[in-house]
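Assembling the complex is the task here: the two chains are given apart, and the hints tell you how they should meet.
If you read the sequences in order, they're chains Y and C. Following this note's numbering, the numbering of the first sequence begins with 1 at its first residue and continues without gaps. Following this note's numbering, the numbering of the second sequence begins with 1001 at its first residue and continues without gaps.
No lab work stands behind these hints, which were simulated from the structure alone. We put the CB at the ideal spot given by N, CA and C, even for glycine. Wrong hints could be hidden among the right ones.
[Said to hold, decoys possible] The calculated lysine to aspartate or glutamate pairs, modelled on EDC-like cross-linking and capped at a C-alpha distance of 20 Å, are: (1) K25(Y) with E58(Y); (2) K25(Y) with E1068(C); (3) K25(Y) with D1148(C).
[As the list claims (entries may be wrong)] So the derived list for chain C, only partly shown, Cβ under 8 Å to chain Y, looks like this: (4) L1008; (5) A1009; (6) L1017; (7) E1041; (8) T1045; (9) A1047; (10) E1048; (11) N1056; (12) L1061; (13) R1064; (14) L1066; (15) T1067; (16) I1069; (17) Q1074; (18) V1075; (19) Q1187.
[Said to hold, decoys possible] Here are the simulated distance ranges between beta carbons: (20) T169(Y) with E1211(C): 51 to 59 Å; (21) P53(Y) with D1160(C): 37 to 45 Å; (22) E1174(C) with Q13(Y): 30 to 38 Å; (23) R78(Y) with R1062(C): 23 to 31 Å; (24) Q1227(C) with T169(Y): 48 to 56 Å; (25) T1229(C) with Q101(Y): 30 to 38 Å.
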Amino acid sequence: MRPLRAVGSSPAQMSLEGLLTRIAKGDQAAYVALYDRTSPVVYGLIRRVLRDPAQSEEVAQEVLLEVWRTATRFDAERGSANAWIMTMAHRRAVDRVRSEQAARDRDDKVGVRDASVGFDEVAEEVQARLEHQQVRRALDQLTDLQREAVQLAYYGGRTYREVAELLDTPLGTVKTRLRDGLIRLRDTLGVRS
Amino acid sequence: MSDNIHLLAGAYALDALTIDERALYERHLSVCEACRLEVAEYAETAAELGVAAAANAPAGLRARVLTEIERTRQVSATPGGPASLSRRVQRVLTPVAAGLVALVIGLSGAVAVLWQDNQRLEATVAEERGLAELVAAGHSVTMTGQIDVPATFVYDPDRDEGVLVATGLSAPAEGMTYQLWVIRDGQPVDAGVFGSDGRLATATASESLHEAEQVAVTMEPAGGVDQPTGEILLSGDL
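Bound conformation, chain C alone (with noise of 0.2 Å):
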């Protein structure tokens, strides 16, 4: 079977892909700069035949929208702006090398059996090394806490760049968001935001490791906080 990550494009715009599949793909899509042009174009043409679609919205409807949009506060735009958190994610976390952690550490069925499928993606995340170094780098903490699911954060002292690894991690609750941070002499660093598709979770620490005690996650409203207010859901000591 031919089997390319790059053929994906046009099942990725349709939305044919599964939850796995997806999540798998968007991490290539981070990486993969003529796959993201690929996939901005069939957007455009997909909504075409959204547009194609188009019927007359129940009369109760305008009025609940505006209505609701009264007490529905905005977020804010990602801080530092989304091209440099997409840096900062590529930095560490080559995309679907995302995967082979999940792999390596033997966390996610789910995602071992899409690979099987798709021997093709194996290739590709050979070539996205960043993250399987990482891996190699050897040194991985078990975060528990609040929230009973497979979480490791994998980490290398050394090129200090760490990501977090969870699967079944259910999305957050509407308007929260989950985020990392880093603890050093006992107080909680912003080491940013992440969600989760319900399935595999991935978040790159964005702040420094160094001499850093612990990781943890706490569930807060999004776009994130400076200092946590929601209660510890997982923690591992460095």
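Isolated chain Y (complex conformation) (with noise of 0.2 Å):
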């Protein structure tokens, strides 16, 4: 699943690790590929995380404006392109989700989210509309606390002490599944950093 290999020199054939190197020197033709390349998996995966449209917009391009401004950082020893983008996009999600959720609790003293409605939305939402069969596949291969942890956890944006509360389950529980679900999904994929 990881791009080819560059062959030639035109950006449209790099590898996302090529034209970050290319980024890193300020290259603007390796970013308008890049940017063709990655922009609708890191607006997918906020929106999903977000799911509002409007503040999802706005993440999204301050990832991908964080993507021009910190290529030089981009370490390629260190894991693929793809999951450099995607960690940063996933985490400047989940840290909108979790301060305006801070905010909310801040102005309604209740504050408690309904926590099965919660889950319900997510599980349906992901499940209805992941594109990748592959990875719908994988995660039919979990078991159900597993696939409920970890969607809840990465498509949910949730802390793992909420999804504890969410599908009452011990803490100490909910983390084995959450790496242990990872575990398989990554054999399942084939995934290797």
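Right, here's the structure in full:
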């Protein structure tokens, strides 16, 4: 699933890693190529987590600019360009969700999210809209608890504490399920760093 | 409860830790090669989950981003390279031990709560001696200034090592960084840049403290500067 290594020097044929190397030197054409390849996944992931389109667009813009700004810091030895970019996108989306939540909690002392509604929404949305057959199949291979925990955390932006509450499962179990769920996904997807 | 810090790799890779926990875990990562490799693998897997959520980006976004990059300066690669910086940080600040400093100095209630929750982390900390020894050396200076946050500089003149620990320091403005200075003969010397997640910030002085009179913190453009341009936000006399 990793992009093919660059064979020519045309940006369209280059790997994301190759593009980042050029972008780090200020190559705007390389950035345009990278934008076109990654903006759908960056925006899509942020949208999945944040749900609000306007906010998602704002956060996606921040992340895509951050890729330009910090391309110099990308280190291919530590992981793929795809993981570098998606990690950045996910973290920004999650941080935004949490700060929005904190603000809502301050405004509204009740502040308790309806657990069951939140969970069902996320789960349904994810199941209905996952375009990637391979990922869907990999998720299907997980136990129910692994799948629910991973989806709530990753697509729902929940902390493992919230996941534990939502699934009425001990904290330690949730930590372990997130980890062994990822291991099983990794093995099914055949992803290697 | 089986509660081992190594088990947090999954939750970390999925961004399912709170900000405090994330900061602590990242300090663990800076000394635990096994966890670093594990997290890197999970990040690849998580990224695949992310890719599966692809959607068409709004049409206007492309033009806006491409206009923005024209006027957005790129950061320089970390001076000295990321590896040497992390080694420098590692040398003194064995990571989870930063949490210990916070505990020892009694700075961070949030961290303390987290720790009560994760008794096993303390065992990890006990193994990570560097900062504990630094704390034991007993020199600490309260940093004060324009910013009103609890901040302490802990140092050991004999080992020529020092670490700043601040809680509640807001994240630096976009495109900016905090920078630590060692003042010697009235002259500020760059002692490294650092960020803050809004809760717990730690910074290891990368400059010798020998014959230093003062340490200070300013906010500077990302990547840091040779001489301070910002106002002194925090300072303390050694």
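Verification of the hints:
no., hint, verdict
1, K25(Y) with E58(Y), "26 Å, violated"
2, K25(Y) with E1068(C), "17 Å, holds"
3, K25(Y) with D1148(C), "40 Å, violated"
4, L1008, "6 Å, holds"
5, A1009, "6 Å, holds"
6, L1017, "7 Å, holds"
7, E1041, "5 Å, holds"
8, T1045, "4 Å, holds"
9, A1047, "4 Å, holds"
10, E1048, "5 Å, holds"
11, N1056, "6 Å, holds"
12, L1061, "6 Å, holds"
13, R1064, "6 Å, holds"
14, L1066, "7 Å, holds"
15, T1067, "10 Å, violated"
16, I1069, "5 Å, holds"
17, Q1074, "6 Å, holds"
18, V1075, "6 Å, holds"
19, Q1187, "29 Å, violated"
20, T169(Y) with E1211(C): 51 to 59 Å, "57 Å, holds"
21, P53(Y) with D1160(C): 37 to 45 Å, "54 Å, violated"
22, E1174(C) with Q13(Y): 30 to 38 Å, "34 Å, holds"
23, R78(Y) with R1062(C): 23 to 31 Å, "28 Å, holds"
24, Q1227(C) with T169(Y): 48 to 56 Å, "54 Å, holds"
25, T1229(C) with Q101(Y): 30 to 38 Å, "36 Å, holds"
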